[in-house]
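For reference, the chains in residue letters:
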Amino acid sequence: MSAALALMPDDTPLLRVEGLTKRYGAIIGCENVSFDLRPGEILGIVGESGSGKTTVLNCVSGKLAPTSGGVQFKTRRHGLANIHELSEPDRRRVQREDWGFVHQNPRDGLRMRVSGGANVAEPLMNLGDRHYGRMRQATIDWLNRVELDISRIDHKPRTFSGGMQQRIQIARNLIHAPRLVFMDEPTGGLDVSVQARLLDLLRELVRDLDLSAIIVTHDMAVARLMAARLMVMKGGHVVETGLTDQVLDDPQHPYTQLLVSSVLQI
Amino acid sequence: MNAATNTAASNASSEAAYYTHAYLDEQTKRMIRRAILKAIAIPGYQVPFGSREMPVPYGWGTGGIQVTAALIGPRDVYKCIDQGADDTTNAVSIRKFFATVADVETTESTADATIIQSRHRIPELPLREGQIMVLQVPQPEPLRGLESRETETRAMHAYEEYGLQYVSLYENISAFGRIAGGAGYPVLVDERYLMSPSPIPKFDNPKMHLSPALLLFGAGREKRIYAVPPYTRVRSLDFEDYPFEVQKWTQACALCASHESYLDEVILDDSGNRMFICSDTDHCATRRADGHHGSMSDFSLEDAEQSRTGGERP
Ligand SMILES: Nc1ncnc2c1ncn2[C@@H]1O[C@H](COP(=O)(O)OP(=O)(O)O)[C@@H](O)[C@H]1O
Ligand SMILES: [Mg+2]
Ligand SMILES: [Zn+2]
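Note that the protein sequences, when read in sequence, are chains C and D. Going by my numbering, the first sequence opens with residue 711, and the numbers climb by one from there. Going by my numbering, the second sequence opens with residue 423, and the numbers climb by one from there.
Bound-form chain D, shown alone (with noise of 0.2 Å):
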């Protein structure tokens, strides 16, 4: 064997390592890539791609998988949170995915990532230019509620007639006096394309406008891919007497104290002891580490789970 042919075998087998980074081959990457690029090209509109059969059941993150997969390179830091905690076995799981295909760094942390996939949450600290927050969306269309027809919902959008989207609204307070709806609320982006961001709490709607960091939205069965571009504007839709109002808490986080984060109920016990604690708990475990006590800081959630669970009462 002579230098040359010794190196066309090893471009060939590193080629061939090549090709199976991070599950997908670079065929579809590149199909996934070209849509991400067309999502950051218009702002909130649902592009179309061909969705893969991942090794996880849709409804568990297909569409988000598939889009980190398609981005994520050697030298990213992937963190992945379902519900806000990064220790769900959903969350894990993924993570675990990621390390092992992609061969990536994997963290915790919220500020040492470089891609953050989620379910439910953004988290509570802000997000920074050179971030990308990979959302993994059940169903992508804001409208499909209220209208079943595909021609028609996609009519809306080409015309941007979306009068039906406030009909929801509008049911809403009839029915509670106010607009409920906690998940997936609906936004106008760059004033365009209405657009869901579901699965995320309302809490988290404004976090989306002007962000520094890119959004995409995934969503595997839908086959659609969206994004928000850096610095895009995400308006919340409300009615001029009724205006768009995040969820409030009368009490801190029973751990850390934050007066500003989304919180969790846990149910302590049978006679209807509760706490009130941080859904994103790489925030709540940060400012515990930074020195912040709540008036449970010294709490196990571990046996609260045990005792609710049937265990021991300590």
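Here chain C stands alone, though its shape is the one from the complex (with noise of 0.2 Å):
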């Protein structure tokens, strides 16, 4: 995977992060982080919680302003712009039309007052798409990729479990083909068994869609089967990145061998 990348031709980063700093008030939320995102790259960002992955993750989406430091992405629109930087409304567009967002909770990224399938096909409808029987095709086409049972197409979310809530909101935020996906903890509620098959499921839709993420969590077995690249956190700072196969095999830091460590307790 790494040689792979090292061989990608277009080398310019999709996304540059540069000193990014988030205090809420006196509490710093995180300081003086930078790091690159190349295409086709998936970056784990892993830490206990509190340590400011959130917050990082926030500010490079746009969703929270950060104090200082800059995010310059890639816009099909735009190209190369600082996210925070733009209007309100390019901001929401580049939102809408570059990324997702996979939330831990399904609450957070889905209408739970609108069927399943209308949750998936609504990014389409921002985007401008104004014919039902092409959406309602791809929606199809979604709910099979996320391996979930056609017939429940029309049903409200909260009669599905949360494993497949958790489909729902990943063909939600695929449909569209977003250059770049953000996932907040995307396993975090759920059962050992359906986390597994749901880690094989996003695995395989984002080697398959040559997606470019960053996907949050504190789980470190998380992290070695989705990212190819780690960022550890603690108190807001990165204290190490580097290859995740060298992250987890020999990691460097104290705080990252006392990380890899736990993990192998359990």
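Bear in mind the hints are in silico, worked out from the structure with no lab data behind them. Don't be surprised by glycine CBs; every beta carbon is placed ideally from N, CA and C. Any given hint might turn out to be false.
Not the full set, but computed from the structure, chain C residues with beta-carbon under 10 Å of chain D [said to hold, decoys possible]:
no.	residue
1	ASN829
2	PRO833
3	VAL916
4	THR951
Hints given; two lone chains; assemble the complex.
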């Protein structure tokens, strides 16, 4: 995987984060975080609860304004642009057109008042599709792809299990062919067996679609399975970065060593 | 007392009378008129206004009543309808209210009215220039059912992000095989603002398109006023493969034989006999006076009402 990445012709980053700092009053959310993401790359952000992973993800995805620092992204419409310097409608458009965001809690990522099918189709409507039949077919294709029973396409999300809700959320965030997908603990709330199957599915999709993604997780096993590169956070700071195998097999920072060993204990 | 003081005194008294005209004080009316002017300047945009307590409960048209009160003058002729009818309790009491507080002439005739206040219908008779249609709105925000966050719906209007409204149409087709939803069918005003014309039936939507009359919408509880100025484009949302269409009836009005009007179903007895009649009572009466006769034109609705409410069958 790492060798393949190094050979990729387009070597300019899709995303460049520089000196990102977010303070909540006196509390540090994250401080001086910098990294690049190349097209097709999956970056894992790991660290214990409260280490600043979600803060970084939300700042990078434009949900949260950073206190300082920049987030450059190769947008379809505006070329390379600092997300936080775009006007609000332009930023919202980038979020809609170029990105997906899979939340840990399906309630945060789905409209609970409309059917699973309409949830999956909504991004197409947000991008201006006005042909019902076409969107319906795309929805069915995606439900098949995430292995959901299409006979339940018109059922409300609450009638689905947690794992199935996550599948709906994944379909909803991939149907419009985004260039970058953000995931915050996408398997966090699920039983271990459900989690394993969902991870398999996610891994396949990411590979087949040649997706770029940033996946936040406190679970090193998820990180190993999903990410090519890891960024380890502690107290709002990045303490170690590197290829996943290196970081996990030969952790340099004592904190990373602790994280890795705690996995081994489980 | 000299002449000058006399004039001042009579000015004061006529001013006092002026202050109480049409229930609201002049300050409030000015505030509402400013909101109305803004609404006319930005067709379809919901303008916030300082909604006042009115002597009727919310849901009885407090928004519409305030809009009317801010506009009505002594030379106006006022019509008020509820469910298309001039003679329902609600319509009668609001009409009486303005006859009393604004001392205006009232009418049941769409043709004669200068201000028409309504809750569920736009009259069948095409409106003309100079008329004002005031619609009472319970929920001005068409996106509210799908997005409860006000900040988010505001952003959607500001940035013209209306994909979400199509989600509700999509749901409709998935559930019913067509875009159902009779009342409050969403429209795009002047190709810019998404607007809920609630709660008129979608049958009435095309009447808003390029209407020569001014259409004003007042939501009392939600404190919003919006407008469709005369000759403004109004487009009902739809999909390419599910185009917008209005309700149709196979039968004509049983009283006036109209094939064009919006029909209400009236249950006649316990054995399921029913008839279809114009919901617009003025339209129906005018047609009958003009000599149009339906299949049951001699039928008395009052008798039917009695038989329905358990009276002896004739
Ligand atoms: N909205 C907020 N207001 C104040 N402090 C916050 C807020 N969100 C996060 N924090 C704090 O910022 C730090 C990083 O939190 P977070 O990014 O959620 O970490 P993680 O996702 O790694 O668990 C924590 O100390 C947390 O308490
Ligand atoms: Mg978190
Ligand atoms: Zn009739």
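For each hint, the structure was consulted:
1. Because the closest C-beta pair between C/ASN829 and chain D is about 8 Å apart, less than 10 Å, the hint holds.
2. Nearest Cβ of chain D to the Cβ of C/PRO833: about 8 Å, under the 10 Å cut. The hint holds.
3. Given hint, C/VAL916 at the interface with chain D, is violated; its Cβ is 26 Å from that chain's nearest Cβ, farther than 10 Å.
4. The interface hint given for C/THR951 is broken, as the beta carbon of that residue sits about 35 Å from the closest beta carbon of chain D, more than 10 Å.
Hint compliance for this structure: hints 3 and 4 are not met, and every other hint is.
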